[in-house]
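Sequence order for the protein chains is A and B.
Counting in our numbering, the first sequence runs from 1 upward without gaps.
Counting in our numbering, the second sequence runs from 1 upward without gaps.
It cannot be assumed that every hint is accurate.
What the hints assert, rightly or not - DMTMM-like cross-link-like pairs, simulated, lysine to aspartate or glutamate; straight-line CA separation at most 25 Å:
| no. | chain 1 | residue 1 | chain 2 | residue 2 |
| --- | --- | --- | --- | --- |
| 1 | B | K140 | A | D64 |
| 2 | B | K154 | B | D270 |
| 3 | B | K396 | B | E417 |
| 4 | B | K291 | B | E59 |
| 5 | B | K291 | B | D441 |
| 6 | B | K453 | B | D465 |
| 7 | B | K255 | B | D244 |
| 8 | A | K26 | B | E149 |
| 9 | A | K4 | B | E402 |
| 10 | A | K26 | B | E117 |
| 11 | B | K415 | B | E149 |
| 12 | A | K26 | B | E483 |
| 13 | B | K52 | B | E105 |
| 14 | B | K415 | B | D177 |
| 15 | B | K396 | A | E30 |
| 16 | B | K137 | B | E149 |
| 17 | A | K38 | B | D201 |
| 18 | A | K59 | B | D441 |
| 19 | B | K52 | B | E347 |
| 20 | B | K368 | B | E483 |
| 21 | B | K415 | B | E365 |
| 22 | A | K43 | B | D201 |
| 23 | B | K137 | A | D64 |
| 24 | A | K59 | B | D201 |
| 25 | B | K50 | A | E30 |
| 26 | B | K415 | B | E402 |
Don't read these hints as lab results, they were simulated from the structure.
Keep in mind the model is a prediction, meaning the values are calculated, not measured.
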Amino acid sequence: MAFKIIASQCTQCGACVFECPSGAIKFEGEIYVIDPDKCTECKEAFDTQQCASVCPVPKTCVPD
Amino acid sequence: MPEPMISLESLTSTTSFDQLLATAKSGGCASSSCGSSAKPNDMDSAIWEKIKDHPCFSEEAHHYFARMHVAVAPACNIQCNYCNRKYDCANESRPGVVSEKLTPEQALRKVMVVANEVPQLSVLGIAGPGDACYDWKRTKATFEQVAREIPDIKLCVSTNGLALPDHVAELADMNVDHVTITINMVDPGVGARIYPWIFYDHRRYTGIEAARILHERQMLGLEMLTARGILTKINSVMIPGVNDEHLIEVNKWVKERGAFLHNVMPLISDPAHGAYYGLTGQRGPNAMELKALQDRLEGGAKLMRHCRQCRADAVGLLGADRGQEFTLDQIPGEVVYDASKREAYREVVARERGDHVAAKSAATEMVKAAGSGNSLLVAVATKGGGRVNEHFGHSKEFQIYEASPGGISFVGHRKVEQYCRGGWGEDATLDDVIAALEGIDIVLCAKIGECPKDQLTGAGIRATDAYGYDYIETAISALYTAEFGVEPLAAMA
Ligand code: SF4
Ligand code: SF4
Ligand code: SF4
């Protein structure tokens with residue numbers, strides 16, 4: 001399983017990028033995207049998904 | 001009074017800069033204190049050296065020097081009820097608002113262009129639009145690059161304080177000697193009504209627990225900065241019914257921990273901004289409520305009264321944002337920094353300033369000597385240089401001074417809609433200007449038409465251009481003695 005970013009809601013603050021323990025989030029062209037192959041849902045690293053916890057906009061980093 | 005021999009505003013707006021500088025240099029100096037610094041008597045010299053060119057940390061300096069913010073730090077680690085980071089409007093002035101985010105490389109080019117064009121520039125700040133200490137890599141990269149190209153520019157950051165303790169040592173290493181921390185509470189119970197959540201140590205905290213962690217980190221950060229001799233300014237947002245009374249307690253706490261300045265700012269709340277407070281109808285304080293609270297804080301940590309609640313991409317003198325002149329599309333790919341304008345400007349300011357100080361202390365003596373128990377609230381139209389030099393109709397804000405038995409003090413500013421746009425004024429705007437000038441006795445400006453003057457008079461506010469181009473304090477002392485002193489009322493129309 002992986003998380004994804006709802007691009008239309010994203011403020012492009014980039015906070016999720018530097019909190020992601022798996023290096024799964026990148027700025028591609030105009031939007032931030034999560035690479036599903038790299039996303040671990042933060043399992044074994046943290047109790048909660050880091051991207052969803054830091055994101056200022058509710059329901060923007062969500063399970064795919 | 002004659003026009004000043006050295007016109008600072010012409011120095012910064014003209015194309016034939018060299019010629020003006022020559023004129024300025026050949027001009028004599030009106031006072032014996034020529035060239036001296038403007039250090040207030042009660043201030044330590046080392047501290048004065050740090051703030052004398054900083055428009056936010058010194059009320060005196062804000063007449064002469066400009067700052068710019070570069071919006072390189074969009075990421076934030078807390079959510080405030082007065083902030084909505086999805087919203088942006090080019091016409092709006094509000095902390096956290098920006099039109100474009102910059103990479104550190106883009107920021108460097110922008111700083112160099114502004115330094116070339118705006119000779120008043122003395123400070124580079126990073127105030128978000130998120131949090132400069134949380135988005136640390138970008139903040140640090142920007143500072144390092146700029147300091148390499150323009151070594152004399154002062155660096156400062158604004159932060160909510162949560163990540164601050166992690167970076168105090170690096171801030172000190174980079175010679176950042178001005179830090180602003182936004183502190184809205186010292187009681188987590190109050191904090192829980194301001195902050196819905198924080199992100200700390202890899203998880204999200206909410207409620208009292210979140211506010212308690214934030215509070216502890218803010219106090220720790222402040223103490224660490226004080227221990228290193230870094231000057232701190234505390235920004236507090238005054239939220240009526242939430243923390244207005246509580247800010248008296250906040251003022252005590254930050255003073256005890258060595259805060260240099262306390263800046264109490266009004267909540268800006270509008271449903272159209274989409275922030276929680278706007279949507280729930282939480283109102284901001286009006287100008288007189290803000291002043292009343294600030295007056296109650298006198299005697300605690302020193303108050304800042306000239307904050308403009310600037311955007312995170314503001315450029316120029318406080319109160320006159322030129323940010324829209326320096327958007328990315330107007331900045332060339334290659335920029336070379338040219339120090340000459342900034343150096344020349346500083347030379348002129350150094351002399352003008354000594355003159356201003358002398359005028360100021362003479363004015364204060366005059367007011368004190370008038371021996372009157374009365375006070376006068378004066379609104380001044382100015383575009384910098386410490387003089388009454390703006391037309392009434394062109395003003396986007398008025399600076400408010402109070403003359404009282406204690407002397408002359410700056411008490412704040414009031415923003416207004418510019419009344420005159422290209423030759424004609426509109427009545428609706430004038431009504432708004434009059435409303436914004438509530439409680440003011442007299443308006444001082446360089447020029448005012450008969451019509452707005454009469455309408456102001458009708459509203460019980462007198463206005464005069466009799467003191468155009470005088471130093472602000474000189475004009476006010478003349479007014480005050482005319483009103484309450486022994487001398488007859490002369491200059492008022
Ligand atoms: S859930 Fe965790 S691993 Fe996946 S993108 Fe978000 S932060 Fe990265
Ligand atoms: S934290 Fe949220 S708003 Fe910020 S870039 Fe990531 S998805 Fe977008
Ligand atoms: S927001 Fe206040 S402190 Fe910051 S630059 Fe503007 S005036 Fe100075």
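Results for each hint:
no.: 1; hint: B/K140 <-> A/D64; in the structure: violated, 35 Å
no.: 2; hint: B/K154 <-> B/D270; in the structure: violated, 34 Å
no.: 3; hint: B/K396 <-> B/E417; in the structure: holds, 6 Å
no.: 4; hint: B/K291 <-> B/E59; in the structure: holds, 16 Å
no.: 5; hint: B/K291 <-> B/D441; in the structure: holds, 16 Å
no.: 6; hint: B/K453 <-> B/D465; in the structure: holds, 10 Å
no.: 7; hint: B/K255 <-> B/D244; in the structure: holds, 17 Å
no.: 8; hint: A/K26 <-> B/E149; in the structure: violated, 30 Å
no.: 9; hint: A/K4 <-> B/E402; in the structure: violated, 57 Å
no.: 10; hint: A/K26 <-> B/E117; in the structure: violated, 36 Å
no.: 11; hint: B/K415 <-> B/E149; in the structure: violated, 36 Å
no.: 12; hint: A/K26 <-> B/E483; in the structure: violated, 67 Å
no.: 13; hint: B/K52 <-> B/E105; in the structure: violated, 29 Å
no.: 14; hint: B/K415 <-> B/D177; in the structure: violated, 30 Å
no.: 15; hint: B/K396 <-> A/E30; in the structure: violated, 36 Å
no.: 16; hint: B/K137 <-> B/E149; in the structure: holds, 19 Å
no.: 17; hint: A/K38 <-> B/D201; in the structure: holds, 22 Å
no.: 18; hint: A/K59 <-> B/D441; in the structure: violated, 53 Å
no.: 19; hint: B/K52 <-> B/E347; in the structure: holds, 14 Å
no.: 20; hint: B/K368 <-> B/E483; in the structure: holds, 13 Å
no.: 21; hint: B/K415 <-> B/E365; in the structure: violated, 30 Å
no.: 22; hint: A/K43 <-> B/D201; in the structure: holds, 16 Å
no.: 23; hint: B/K137 <-> A/D64; in the structure: violated, 30 Å
no.: 24; hint: A/K59 <-> B/D201; in the structure: holds, 21 Å
no.: 25; hint: B/K50 <-> A/E30; in the structure: violated, 41 Å
no.: 26; hint: B/K415 <-> B/E402; in the structure: holds, 17 Å
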